[in-house]
Structures are given as structure tokens and as C-alpha cells.
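Q: As a plain string of letters, each chain reads:
There are 2 protein chains.
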Amino acid sequence: MNKKYNFAIVGALGKVGTEMTRILEASSLPINSVTLMDLPRFAGERVTFRGEELSVVAAEEKSFRGVDIAFFSAGGEASKELAPLANKAGCLVIDNSAAFRMDPQVPLVVPEVNPRDVEWHRGIIANPNCSTIQMVVVLKPLHDAYTIKRVVVSTYQAVSGTGKAAVDELEQQIRDHVKGETLSWEVYPHQIAFNALPHIDIFQENLYTKEEMKMVHETHKMLDESIKVTATTVRIPVVVGHSESVNIETEKPFALKELRQLLSKAPGVVVEDDPFRNIYPLALKAAGRDEVFVGRIRRDDTIPNGINLWIVADNLRKGAALNAVQIAELIIKEELVRVP
Amino acid sequence: MNKKYNFAIVGALGKVGTEMTRILEASSLPINSVTLMDLPRFAGERVTFRGEELSVVAAEEKSFRGVDIAFFSAGGEASKELAPLANKAGCLVIDNSAAFRMDPQVPLVVPEVNPRDVEWHRGIIANPNCSTIQMVVVLKPLHDAYTIKRVVVSTYQAVSGTGKAAVDELEQQIRDHVKGETLSWEVYPHQIAFNALPHIDIFQENLYTKEEMKMVHETHKMLDESIKVTATTVRIPVVVGHSESVNIETEKPFALKELRQLLSKAPGVVVEDDPFRNIYPLALKAAGRDEVFVGRIRRDDTIPNGINLWIVADNLRKGAALNAVQIAELIIKEELVRVP
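Each protein sequence line maps, in turn, to chains A and B.
By the numbering used here, the letter at position 210 of the first sequence is numbered 216, and the numbering carries on one by one without gaps.
By the numbering used here, the letter at position 239 of the second sequence is numbered 245, and the numbering carries on one by one without gaps.
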């Protein structure tokens, strides 16, 4: 049980990859080695890991030899191309992209929600979308206790979810605004500073965005297909921390006090809910934290068993890198580090 | 019918008062004179109106003599104190504060929604809250056609709704951020730049904010008490333009195409909905405009007759000053300019 593992991070220089490196550094995972991979043109760049300088290598088949677990955060195309090669080299893949999430052969896992699903992995385990992760961590204990029938969610998502270029774009617009200069944009189809864009990922035939449908399908896959979910996902000028306004209808009745206690005991959840002292979850407070924060807990009396919640988490940590590391902890504990 | 009227603006130097002056300037109202009023300490300040310099006078009883219609935007306390004095001087009050909105003796009016309610005024007509106005303008045609049962709304509200000091606070935080200095705040209980605050107006015993309950009660008063409304109101770092994610359940079934046509013909409403060309309502585009914009129109199939909408308007214009001027147009047209 004292085996140490060789890890890799693919897309190590990206927004999530950087966060992944930091979380891995601070984790208690049994690390033997860490290989940082990115596009060939970044090969040779140096990143400090636990005081040691690591040299970035090109993400290609031979780089995966000897690696036990690779965290992928280099986008869907890279995952589709490289994950099978990593598997062939005997390396287990924990993938942060959308490439395999809805693949029936690939478990989609939030350790607080559906840990047993890691058992049937065939070499790839998918990390859910950021906006889904923080929601299902809170829905899970409520569903177990009261059986959720329907969820109406509106999101307030940070630009770091789009990546480094989007953070730079917001910062540049802010600087240009202060200088009184004309603002410009490339990453988003409209100005993001001082605006709210009801458009995350691409639009589907049904007029919902892909991001909105991820919240529906991923909740079904991880939690329960019978939960009805409708979502409106919106990008706002926040750098880190996704917020969500979530309206929930349950089958069974609940006492508000009991529901609150249930949430305060739920794994990975912190209740921040003292409105008369101005205490409620906030993107800026959640940034850099591991937990999912929930507050503004109040009964919606327009339906028999209704509840309104405000759910906030660091989209780069629990929404991405941290959840991936927690999946790794789980598969190591369950001794499932293998490619069948 | 060619009578011209004497108007006054109370709180003329505030955020809404300034907008009011501009809208009055551009309006086709039959104006004989305009008196700008504010706190005594601002008396003597000069404001240009249609090329003429007007001198601000102290808002006190004698200032209302000879005034036919006064627009109040100086906060609830000023309205409570001064509206009865204005009435005593024979001046009709159109009040933008929350002071009289739920008073059963005072009509609460959005001209596109409940114009007939002006008929029973007794000297004061209340202008609804900004977040309610833009929502009911869109709900009205849908309710007439399909009977709305329930509304779940989450808002994305601009800081100008709080007033000038809040706009200055956001701008100062943005400047300090660019300079790399420590950010500070006074108007809001937390930093508003790069954040989302689920807290607008004060918290009530039922754990909802007053802003959230305004959306419930004002919708009931103007549209229909049988419409169930639950709201989460959130302040975001936008200067002008409130956005709203609105989920609606109707009694009667609808065809999506027909519903869209209905909205495109509704008074005061503009449909902006071509997502594949990145066209949807945006706060920055709505700023400075008179209409309420609606887009992201799509069926919510988690319930039999469900619809999701994204509704955006200029919170200072249709959300406040413009609606008040439209009420004045209505009472002049209906020959109801009198204090009974």
C-alpha cells in the first residue's frame, strides 16, 4: 500500500493545468514523479514543483511511457487524440475535457456524488463540467433525503472558465476602460467587461447552449436520470468563482432547519448563510478554496416542496483541477490504477 | 387640449433624476416649465435644460406651488415627507421610490401593463421597481395569451440601480485594481468588482431580500395575484442595464413560433433572438435604449408548458425615469392631471 505513482499533467501551462500543478504540489497523493506536458512548442519551458525545476515535455505517445496517471486539461481535441495513446502506454487518464463525458464506456465522477462509478473505468475517467460539479455536490444530499424532481438553474460564471486568454481579455478591457480607450475583444463575441453574456459554449439545435445541456446530461449521468434540469448559463465579468442561483423542487417535504443541517454535514459542502450579517457565498471568497459554498437557503413557497439556493465554488479548483485530483485519490485508495 | 404643464423633478441631481431631466428634455410632453429640486444644500446649482440654464431649488412645500406634475426620485424618506406637501399645493406626484408602491390607495403603473389603474389615483402614482418593470412588460402579453402560473427569476443587476455612489465605487475599485492597489468599499457590504452579490436591498424575516419580494408583490399588484413568483436578485459589476433569467410556466399550451410573434408585437418589447449569429439581449446594448429586450427564447421541456427567457433593459430609463415620463404622458392624455 506504500506504492508511489508517476503522474503527468497534459496542458500543464494552461489555466487549469497551472492550478492542477499547484493542487498536486499540495496534495497528499503518493507521488513518485510528475511529468508536465504541453504543446511541442512549449517543450523545455520550466515550472517549479515542490522546489524542483521541471522541464515541460511535448505531449506525445512516448511521453506517457512509465506514467501511471495523467491529468488531461488541453481541450477536447487533444484528449481525443492523446488519451487512447496514453492508455496504450498503460497510463490511466483523468480527463477534464468534454470529449468523453457522455461516453457510456467512461465513468463521469464527482467523488462526493458517485464514487462507485470509478470501479467500471476502462482507462479513462471523465471530470465533469465546472458548473455541473458544484451543483451536484449540493444536490446529492438533498436528492438522497428528499428526492429532487426538478431544478431551474441560472449561472454567473467566471471568465477563467474559458481560459487564460479570456482572463487577459477582461483585464485588457478593464485597463482600456480606465485609460478611456476603445475596448476590443476576440475571445468572446461581445465585450465582457461591464456586461453579462447569456452564451457559454456553442448553441445547439434546441436553442440551448452546450454548457446548458452539459448541466442537464451530466446531472443525469452522475446523479439520477429522473431529475429534470433546465439551465441558463451566463458569463459575467468575474475572474475566478462560479455562482449559481438554483431553484429546486423535491418529492418529499422537508423542514428548512433539517435541510440546512443536512447540507452543513454534506461532504465537500460549507454552509455560509447568515444574511443579516451579510454572510452568503461569494465568488471572491470562494476563489482559492476547495469546498462548495451554499447560502441564501430559503423556502420557495410557490410550490409545495421548493427551495432556493445560492451555490458558489472556485471553478478552477473544485470545478476542475481539484476534482480531478480527488478522483486520483479515490482510484489509488480503491487500487484501481490500471488500464484493462 | 393644448394645455401646457408645469413639471418638477425632485432629486434632480441624482442618478435617476439626471436621466429624468434628459428624458424630459427629449420628450414630446407639453411642457410649460420645469423646476429642478434637490436637497437645500444643492440649491443654486445649475443644470442645462433645452439650452437654458435652470437653477436647482430646495425641495420644500412652497417650491411645489404652481407645479402640475412632480417626478420624485429622492428616496423613500423624501417621498413620504414631501409627496403630501406637493399634493397639498395641488401638484400630482409620480413617485419612483418604494414609499407608496404597495399602498392600496396608490396605483402602481407600467403603461404597457395596467394603464387603466391611473384612473383611480388620488394625487400619487407609484413607479414600480426597476427589476419588476422590465419583467412585467414581457409577462403581460404572455399572461394574456397563455395564463402564467409560476415564474422563477434570477437577476443580474447593474450598480447604477443603487445610485451614483455605487457607480463611483465600482469605477474606483476597477482603477485600484489596474493600479495594483488594495480595493475598498462602503456602498456595498462586499467588493463588487469581479464579484456577484446575492444581496439587493435589505433582508426580510422570510430570508428573501426586499428587492426579491418587490418582484413578487409588484407583479401581483399590477398583473395578477394568482401568478406565483420566486426571485433571486443579484448585483453584478455592470454599470447600466439589468438582465434577468426568467423561467415561466403557463396554464395553456403554446407554439414557440406563435409565442415569439406575440412578443415581437408586444408594446415596448423588442425581440433580439438569433443565437447562431450571437444575437441576444445584452446590458451594454440596452443601455440608453427605451425598450425592453427579450431573447434566448426557448422551450423548457421539464414541465408541460415551460419557457426560458433572457430579459434586458436600461434600469435607469424603462426601469425608472422613462416609465415615470410615460405615466405622465398617459395621465395627460386621459386628462387626469389633478389632485382630488
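Since the hints were derived computationally from the structure, they do not count as laboratory data.
One or more hints might be untrue.
Note that the list lumps identical chains together, so a pair holds whenever it fits in one copy or between two copies.
In silico lysine-lysine, DSS-like type, Cα no more than 30 Å apart, as pairs [unchecked claim]:
id, residue 1, residue 2
1, 291, 170
2, 185, 263
3, 258, 271
4, 339, 185
5, 263, 216
6, 155, 258
7, 9, 234
8, 155, 216
9, 234, 271
10, 170, 9
11, 263, 94
Q: So, for every hint listed, does it hold in this structure?
A: Now for the hints, and whether the structure bears them out:
Taking the shortest alpha-carbon separations for residue 291 and residue 170, both the intra-copy value of 21 Å and the inter-copy value of 26 Å come in at or below 30 Å. Taking the shortest Cα distances, residue 185 and residue 263 never come within 30 Å of each other, neither inside one copy (50 Å) nor across copies (45 Å). In the homo-oligomer, the alpha carbons of residue 258 and residue 271 lie at most 30 Å apart inside one protomer (20 Å), although the nearest pairing across protomers, at 42 Å, exceeds that limit. With identical chains, the CA atoms of residue 339 and residue 185 are never at most 30 Å apart, being 54 Å at best within one copy and 47 Å at best between copies.
Within a single copy, residue 263 and residue 216 get their C-alpha atoms only as close as 36 Å, which misses the 30 Å cut-off; across copies the closest is 22 Å, which meets it. Taking CA atoms no more than 30 Å apart as the test, residue 155 paired with residue 258 passes in both settings, with 9 Å inside one copy and 22 Å between copies. In the homo-oligomer, the alpha carbons of residue 9 and residue 234 never lie at most 30 Å apart, since the shortest distance is 43 Å inside one protomer and 59 Å across protomers. Within a single copy, residue 155 and residue 216 get their C-alpha atoms as close as 22 Å, and across copies as close as 28 Å, so both meet the 30 Å cut-off.
With identical chains, the CA atoms of residue 234 and residue 271 are at most 30 Å apart within one copy only, with a shortest distance of 25 Å there and 32 Å across copies. Taking the shortest Cα distances, residue 170 and residue 9 never come within 30 Å of each other, neither inside one copy (35 Å) nor across copies (62 Å). In this assembly of identical chains, residue 263 and residue 94 lie within 30 Å of each other by CA distance neither inside one copy nor across copies; the values are 52 Å within and 51 Å between.
Figure legend: structure checked against the earlier numbered hints; hints not met, in rising order: 2, 4, 7, 10, 11.
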